[in-house]
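Spelled out, the chains give:
Number of protein chains: 2
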Amino acid sequence: MNSVTRSSGRGRVRFAKSNLDEYQPPTFEAFDTTLVTPRAPTANALSVLDIDMRVVENKRAHNTSSYKNNNLIVRRHQEFIITIRFSQPFNIQWDNVLLEFLIGSTPDVSRGTYIILSIGREKSDGPWSSRVLDIQGNYVTVGVTPDASCIVGRFQTFVVVVSDLGKQRTVRNTDTDVYVLFNPWDPADQVYIPRESDRQEYVMNDVGIIFNGEFNNINSRSWNYGQFEQGVLDACLLVLDVGKVPLTYRGNATQIVRRGSALMNSQDDDGVLVGNWSEDYSIGTAPTAWTGSTEILLKYARGGGVPVCFAQCWVFAGVLNTFMRCLGIPTRVITNYCSAHDNTGNLKTDIVLDEDGRVDRSRTKDSVWNYHCWNEVYMKRPDLPDRFSGWQVIDCTPQETSDGLYRCGPTSVNAVKEGELSYPFDARFVFAELNSDVIYRKSDKYGNTNVLHVDTAYVGKLLVTKRVNANSYEDVTSNYKYPEGSERDKQTMNNAENRGIPTRDYLPRTEAGVTIDLKAETIKIGDNFMLTMNVNNQTSQTCTINATISGSVAFYTGITSANFMLENKVATVNPQNTSKVLINVQAVNYMPYLVEQANLLFVVQGRIEETGQTLSAMRVITLRPPELTIKVNGIPRVGKDLMVIVSFRNPYTFILKNVQLRLDALGLIPTKIKTYDQIQPGGSVQYTETITPQSPGRKVLIGLLDCAALRQVINQLEIIVQ
Amino acid sequence: MNSVTRSSGRGRVRFAKSNLDEYQPPTFEAFDTTLVTPRAPTANALSVLDIDMRVVENKRAHNTSSYKNNNLIVRRHQEFIITIRFSQPFNIQWDNVLLEFLIGSTPDVSRGTYIILSIGREKSDGPWSSRVLDIQGNYVTVGVTPDASCIVGRFQTFVVVVSDLGKQRTVRNTDTDVYVLFNPWDPADQVYIPRESDRQEYVMNDVGIIFNGEFNNINSRSWNYGQFEQGVLDACLLVLDVGKVPLTYRGNATQIVRRGSALMNSQDDDGVLVGNWSEDYSIGTAPTAWTGSTEILLKYARGGGVPVCFAQCWVFAGVLNTFMRCLGIPTRVITNYCSAHDNTGNLKTDIVLDEDGRVDRSRTKDSVWNYHCWNEVYMKRPDLPDRFSGWQVIDCTPQETSDGLYRCGPTSVNAVKEGELSYPFDARFVFAELNSDVIYRKSDKYGNTNVLHVDTAYVGKLLVTKRVNANSYEDVTSNYKYPEGSERDKQTMNNAENRGIPTRDYLPRTEAGVTIDLKAETIKIGDNFMLTMNVNNQTSQTCTINATISGSVAFYTGITSANFMLENKVATVNPQNTSKVLINVQAVNYMPYLVEQANLLFVVQGRIEETGQTLSAMRVITLRPPELTIKVNGIPRVGKDLMVIVSFRNPYTFILKNVQLRLDALGLIPTKIKTYDQIQPGGSVQYTETITPQSPGRKVLIGLLDCAALRQVINQLEIIVQ
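Just so you know, the protein sequences line up as chains A and B, in that order. Its first residue numbered 1, the first sequence is counted upward by one per residue in my numbering. Its first residue numbered 723, the second sequence is counted upward by one per residue in my numbering.
Please note: incorrect hints may appear among the correct ones.
What the hints assert, rightly or not - With the C-beta cut set under 10 Å, the calculated list includes, among others, these residues of chain B facing chain A:
no., residue
1, Y914
2, D1105
3, P1107
4, P1146
Bear in mind the hints are in silico, worked out from the structure with no lab data behind them. Each residue gets a CB set at the ideal place from its N, CA and C atoms; glycine is no exception.
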């Protein structure tokens, strides 16, 4: 018997994990002719002169014309056409020609990384299909349809002429490479979304709005997603390569979104963005200073996969949105107001107050984020019961590890709403972000704490996203939650407890009949203002409340920085009545401590003298920054110069130092950055840029001013280029 | 207002991930006495002279006496007692004393890493509870009960006397450290298992049997789990430290078993064992040469967490069994005969035959392991519906990554049986190991393949584990599968398809009415033997079968090494009849190619002349190694010398080189290793060791001989020490 080399006791299966690594098949593969009797004359052998990928018409048919990329880009499960020019007329009865698509370094038919399609005599029955559409002498036009779950990425294209001697293959030509993307237009694709308006918004829209501020004072900023900009698609594939995502998994949208959520942050895996909440961004760009994703992804790609500095939640969500839309997955950014970050996994957010009534920062480990941004992707979940398909939460801001890595999701929004927390992935964490109770505790010097008050309604107050084809917000809270206190809401909480969410073993909510809340109007940074404490007495007794109101400066993550105010107020409220107590807040007190995004956190801790009951409430006030103005001179027309003027005046009594001004306009100019060493009190800056529109349509100019003392001064201007 | 340092915008939450890192609390913490009025005289202050952990009696009550470890070891949710000796009589009305248990570098009450229990005036209400059992003058005896879900690991113990001036703490003393383990005896613990006999087998038994061989010729080997041996408990905690498992997760059995399964293999995370199936083990110990876990875990710990070379599946399963039993989680080793390793995740195992009928090794990427060992752990799954509690599969042999890391499980056995594959973790992979279909394909030179035959019954033939309190095997197949072809089985397959398992889109099973199988008797390495091919004809026509039988040498993983035989046989079988065809297999043909564990794989590919139908079958024959004998001279008695004689004769015509002989006997001697440069053909070796039993009872002596040419020559002898 023939002896062979002894193989290893495990198969030598290697998983290709990079789209950049390529296998170069030989241009000629000889058959062992000693074993074969030639079946046909081999003279005048057929050869391939040219492959035309029909880029323009295929792209138009596949909704990929917007990509600034010269190669063919198609979507799964939709036919594209290729015309092959042979050296002589093609005979479909006699000639044996194969069309090959290869991806990665170890192409293999059984893994979907090596596609072989027959277009002549022989028939093949792989997952992709092909048909000859037309033969005109030497020209053969072939239709090719990738299967609905095929790998997403960049494939090499070859044409092979098979003779009895062997296989003659075309030489490698990157011009014939084809990108295959997810197809939200096709019902067989995992990411199919039925409405065309949804596809236009969630896949095709490359400029969006991300909401921030506070739930009763919603603010927003524009974001350039830029998924079609030159180099962005390659950057997105590079992200998957750096993340060593096996090619065989890249046709599975569940895997792509789970891994994508891990790969937007640099933790664990050299992902795209470095999170930073420290206020020191000197070695990079401040999270507040970015105007869109393109600059970030291109920087990441130029560096060959070196993480970009710095991001906070909206930057993570913005870039993840670009990544998903670029690959063809319907995606949107969600803002959750009052988002709990439950470090201890117990569905309680503990706010510990010290003996004076201020937040005890060493003992308060949990926090309620003023707002938190994540993403939703729309897809079938073939791994779950049908009712959990649809919108799925993914969150790439590094908060907690999920099964060992910093990532979160996909979590079915429907499952969160029903409290069905057993199914993958991370439903528990998302559920806690929306449904945690806030427990106010008071601590003494021995380290003992006791519960002052429980607020079950503070967290997950409001969830919004940009409305389809409009710049206003859509309230999506009811996708995530039944109304607070309703029967269905109770059922959800029961379901959650049956799935291992710890039971609420703390004190029941006090039913004092007396409630307090805090309010203020829209206030600009640097203003003095009145904070109103409303005390509502629903009981039949007069009540006297003795309240301590503390004010501190806070990050948007709810982490307090400096205490700047502590006041005592006593109010007597008649039965069935509300009293207003006014608290004077002076800019001179808070200005020295202000941190980025200018949030003030007020906590009231009260005691009802008549009953001894305690109650608490908190409120975040987001101060508005001064205005940046953007104007254009003239009517925007294609090919005609247009002047853009961005201006700003420093309204403060202090100097603004190291000021960065960004001007960004997708499809008009690359991001422009201008820096000013300082802007004097009362001083103004004006920046002018001349642009020449190359294409007509709606364009959005985004202007942004950022410095350590003043973050997120942003404005936008929509223009229609004629 | 008081100014404070500006904190970062994210909480500085650090997760302690090591039990070895310690926080040293100060021995005195002063209160800020300027703010406090002393409430009692501080003269004659109480102080602590001694803490008695009552090790012997506590260990007896907690089923931990077997651990060779001088510290106290207790189980969760069961009271243990401590006696504190004070400098003066203790007054429960006046004195304010705290008992503290700390784990890790950042102990924190809200995370369960800092336990504070009051045993005097003040009351505390943390998760652990305490009560004063007895006061005898200066001596106070306290009962302490950890909560049922508390962290498992080694805690520091302190006693604190609180006065108005501050807290006086005892100095660090490692003798008072206490290990807290899972408690399978307690109904409130996640790992509770009701029957005492199960606890004795699955937690307390430190010697076991692992089954191997083939499903109709079951073989076994003894394994020393050694979970109570000196240093093993610390080694297991070190594994979790090396794996950076946050201390806060270490009370959650689901997390411990999932992470444990990742940490037994060195891939990703510097876990305990390096997998090697290459036949070259020269830089370490051959997987076949180990006799138990102790040697491996202690080597890992001595190296400070350097992975140990080498392991295959039974070694991984054996060490994981030790790890789990050591921490108190009921665990057993399962052997699955004909275990599919489905590389492509499609529930099909493709065996590709070449044009001659031999296994085409370059095209066969999947394999059916002759046997594969994994573990089951018994636990509640609070994260899942109730019916999925009970036995859970975990598998630490690195086969495929699960969510990015090499690990598998916990997977509910019940969920696998029902085809409920949505729930975490890895149910799909385990399901495929048991339920894949074997597809025989024939390939031609163009790379085209077509289906010859489908066998739905080959994979997952039999699952066994060691019987409770016996050395025989228990058949647990029905825990995993309904009978092949039954209604419930079909329902399971339907459920699986509804959970995203690809549909069976290949050819239906041929209903030819003709079946073939291969058989052989028990055969020793080096024997010539007869292989029998049975052709059964259930049709009413005579059939003539033209069959090719190929023989190759194979690893236990199903990977073939060398082809050594190819024969053609023609048989004519009458209607309703069976024909036997005998094939002569010569040792001279297979001996030169034999690989470890000596498996021969025979594949038959047949064609029925009358109908043109094709069929295939395969069979693995495991050849038996020669015998190793173990004897003792004299009656084993405590304190009396006993002579153990291990002997072996080389029955072959070739020299055995670099032979390693191991003798292992838990509780009698540490593992002894003796090496022989060579054993001549027909030559014998005899190894004698004198041992002196230190304790009475049943002991198991395991002898093992191992060299490159002959693996897994193993025997055992049970003795009763009087």
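_Violations among the numbered hints, reported as their numbers in ascending order_ = Of the numbered hints given earlier, the structure breaks just one, which is hint 1.
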